[in-house]
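Please model the complete structure; the sequences and the hints are all you need to start from.
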Amino acid sequence: MDEIFGIPAPLLFGQLLLGLINGAFYAMLSLGLAVIFGLLNIINFTHGAQFMMGAFVAWMLLAWAGVGYWGALILAPLIVGATGVVIERLMISRLYKLDHLYGLLLTFGIGLIVEGVFRNYFGSSGLPYRIPDALQGAWDLGFMFLPIYRGWVVVFSLVICLATWLVIEKTRLGAYLRAATENAPLVQAFGVNVPRMITLTYGAGVALAALAGVLAAPIYSVNPQMGTNLIIIVFAVVVIGGMGSILGSVLTGFGLGVVEGMTKVFWPEASSTVIFVIMAIVLLTRPAGLFGRA
Amino acid sequence: MADALAELPYATQDGGSPLLAVRGLEAWYGESHILHGVNIDIHEGEVVTLLGRNGAGKTTTLRSIMGVVPKRSGSVHYAGRELIGARSDIIARAGIAWCPEERGIFASLDVTENLMLPPVVRPGGLPVDEIYELFPNLKERASSQGTKLSGGEQQMLAIARILRTGAKLLLLDEPSEGLAPVIVQQIGHTIRALKQRGFTVLLVEQNFRFAQTVADRHYVMEHGKVVDMVRNDELATSMDRLHEYLGV
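One line per chain: the protein sequences are A and B, in this order.
The numbers in the UniProt record's numbering rise by one with no breaks, and the one at position 114 of the first sequence is 114.
The numbers in the UniProt record's numbering rise by one with no breaks, and the one at position 28 of the second sequence is 28.
Derived from the structure by calculation, the hints contain no laboratory data.
Each hint can be trusted.
When the alpha-carbon atoms are kept at most 20 angstroms apart in a straight line, the in silico SDA-like pairs for lysine to any residue are as follows: (1) A:K264 with A:A9; (2) B:K148 with B:T112; (3) A:K97 with B:R87; (4) A:K97 with B:G30.
In structure tokens, the structure reads:
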């Protein structure tokens, strides 16, 4: 088992793991985008900046308040989600009656402003964030070393994706959400406070992005561009998976992370474009996406 | 004619103050002015229809009472509360429930989820067992996707789900539309059963023959106004008048 398809096994599994980790971030971010898009009909271009804010808030909590990783895992999504609630109430909610394009432009602009502000105060070189003690080290799996933190990221994000799916597909709140995605005026006429639900949904989607940011902080350096780099790929993932589907965005996220990782092994030059090539093929053959409802 | 109508005697069997009193209701969709001062009174326990030709404003009247039109003015007084300025979720919580013309069954929800979707707004709604007694089909199809039901079953589901909520006034928009005669009969039976259980119903109908089997009174609408009111027991003597309004 030293070589598979002429590739050294440690390299293959190493890239597979990297692919799964990237896939975990793709999945969590596209999940939040899908939830927001479903109810608000707005493609949230601030998502990358909100992912970055999650990492920065984790860093600030540690540097300024002494709150460690585990506290940040809970507090940072709440704090960043609260900023999302404010943004939705003050700005996005004014645009629902206009063309979707305005929401896209607004969130894109907010994203640029947020990034600019963080670059102004923290520079662009990046800040270090330590892996928590409990997740230090690596396991020897025989065929490769698995850094414990990376394994944790994959497992934890899978749990979060599954939990989100359960809430949306199996609970009463999720039924409101699905129904309002189809016909919000009717759900409101049943007595549900839909405007409040929209606000909280945006906050929850943003909190998911921030949670991914906290997970990313110890892996990538905490810097203002970390979201921009990732979010472009995530938009491609969302297009491939289809906007409407929760499970679709999770499967597509992990799947494409793995595809990207494997491309790095077999055809390294193509690894940064493979997702966009797939996106083009999907757009041409199944415009609604692999899991989308046409 | 509208002024004369405001003076119409609305007295019914019990005479007391109406559960729903609509006065001078006007509504707009964008630039188009659809309702021009609608007056309606409904007493508790009554089944009242809105009759009229296509485009007379019947559906818009229901939507305006429910608060789901872009712009409305006038007065909608329900159970002692003025609701003209309220959002539709507040109106629902006051105890009014709406079954829209397009039925509004959710494709992403199964039958049970559709049935259980509207939140309970006050005590006194029908228990689910009783709803299944009224609509046995729904129990058999509980886990089907909502929009996989037949047209009749979808209509049953659309009515069934607003019975659980404790709402006392039901706004039903053309429940008989596009359904086979035997299903229409079943819906007529359901509406009479609801009246027996104390529900108050405002029903929009094109099907006059169906309307006379369920209703206590009929309002006739023309050009965004109520132009006449006929009690069901006076129908025989008012037939010529109605034929003229409805062109049947």
